[in-house]
Amino acid sequence: MEGNNKYIRFDWAMKRLLRNKANFAVLEGLMTTLLNEKITIVKLLESESNQESEFDKYNRVDLLAEDSQGRLILFEIQNNNEYAYFQRMLFGTSKLVTEYINRGEGYENVRKVFSINIVYFALGSGSDYVYHGKTEFRGLHNNELLNLTPFQQQTFRVDTVSQLYPEYYILRVNDFNKWSVVPIDQWIYFLNTGEIPDEANAPGLPEARERLQLDHLTKAELEAYYRHLDNVIILRDNINTERAEGRAEGRAEGRAEGRAEGRAEGMKEGRAEGMKEGLAEGMKEGLAKGRAEEKRENARNFKKLGLSVELIAQATGLDIEEINKL
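FYI, the working numbering numbers position 85 of the sequence shown as 93, with every residue one higher than the one before it.
No lab work stands behind these hints, which were simulated from the structure alone.
Please note that a few of the clues may not be correct.
The list that follows gives simulated cross-link-like pairs (lysine-lysine, PhoX-like), each with its CA atoms no further than 20 Å apart [stated by the list, open to error]:
{"no.": "1", "residue 1": "K120", "residue 2": "K142"}
{"no.": "2", "residue 1": "K103", "residue 2": "K142"}
{"no.": "3", "residue 1": "K14", "residue 2": "K227"}
{"no.": "4", "residue 1": "K29", "residue 2": "K46"}
{"no.": "5", "residue 1": "K297", "residue 2": "K333"}
{"no.": "6", "residue 1": "K303", "residue 2": "K333"}
{"no.": "7", "residue 1": "K103", "residue 2": "K120"}
{"no.": "8", "residue 1": "K14", "residue 2": "K186"}
{"no.": "9", "residue 1": "K312", "residue 2": "K333"}
{"no.": "10", "residue 1": "K29", "residue 2": "K51"}
{"no.": "11", "residue 1": "K46", "residue 2": "K120"}
{"no.": "12", "residue 1": "K333", "residue 2": "K311"}
Note that the structure is a prediction, hence the values are computed from the model and not measured.
Based on the sequences and whatever the hints tell you, model everything.
Here you go:
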């Protein structure tokens, strides 16, 4: 399945090699696979947040492109776990929307933005590895999708409202390492493993196989690349260690909380059972006392009627001595 060639990791290639116009075909292939339409990248635009330091192991790689339709495509690769990454995606697209419209221009000139996020950590909670997010408006009463008018469709050259808003793609690549004939699965496999099997035919992967071979790098590039790999390995080790420590601490805290809750629950149940038992015993004692008093009262009444002590004892069950005291 696999040739002998070794390929450069996509995140490092994006920082160095894919910015070359001759290599746009690789990025175009990824976008074509995701959007299921032919994408042609015209140029790359400046991105303020791009980090060039290979010594920053918590680096984020981003690349901003413009396609032949004037749409903006933001590629981001995130190596470290970031709990607020969803909000950062929103900030990135919002910033592009406001930056790439001239002052005084009408809202019809707002640019379409695609946000492509390749994350090497478990972002959110879900079992899939490719997610797509877009904006739709639906009626609260009938769930009807709000559509564009024919005039708006003709003016903006789109069919739906969602096509006017930023769209997000999240590729959670860490846990996918199975080869498949499905184009997007082939891409995820490459993004995770850095391998391009001989039979890979998804758009962009044949170009990646040709242009991202490790032996094409200069000595300086190779040294920088290996530093990057070291940083990635260190980062993943740190994340795994933190997860293991977190699980251990969580189990210890869970046991302590469980014991405390168990004791509290036991005391609560014990009090409840004690109250039940006490109530039952009290009722039993009360009934016994009530019956004894009833017998004595009957004995008093029998004495008033002049019955003999022996008959009263036989009728009430009381001792003759106790009857004489009444």
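Outcome of the hint check:
no. : hint         : in the structure
1   : K120 to K142 : holds, 12 Å
2   : K103 to K142 : holds, 17 Å
3   : K14 to K227  : holds, 16 Å
4   : K29 to K46   : holds, 17 Å
5   : K297 to K333 : holds, 18 Å
6   : K303 to K333 : holds, 14 Å
7   : K103 to K120 : holds, 12 Å
8   : K14 to K186  : holds, 18 Å
9   : K312 to K333 : holds, 14 Å
10  : K29 to K51   : holds, 8 Å
11  : K46 to K120  : holds, 16 Å
12  : K333 to K311 : holds, 11 Å
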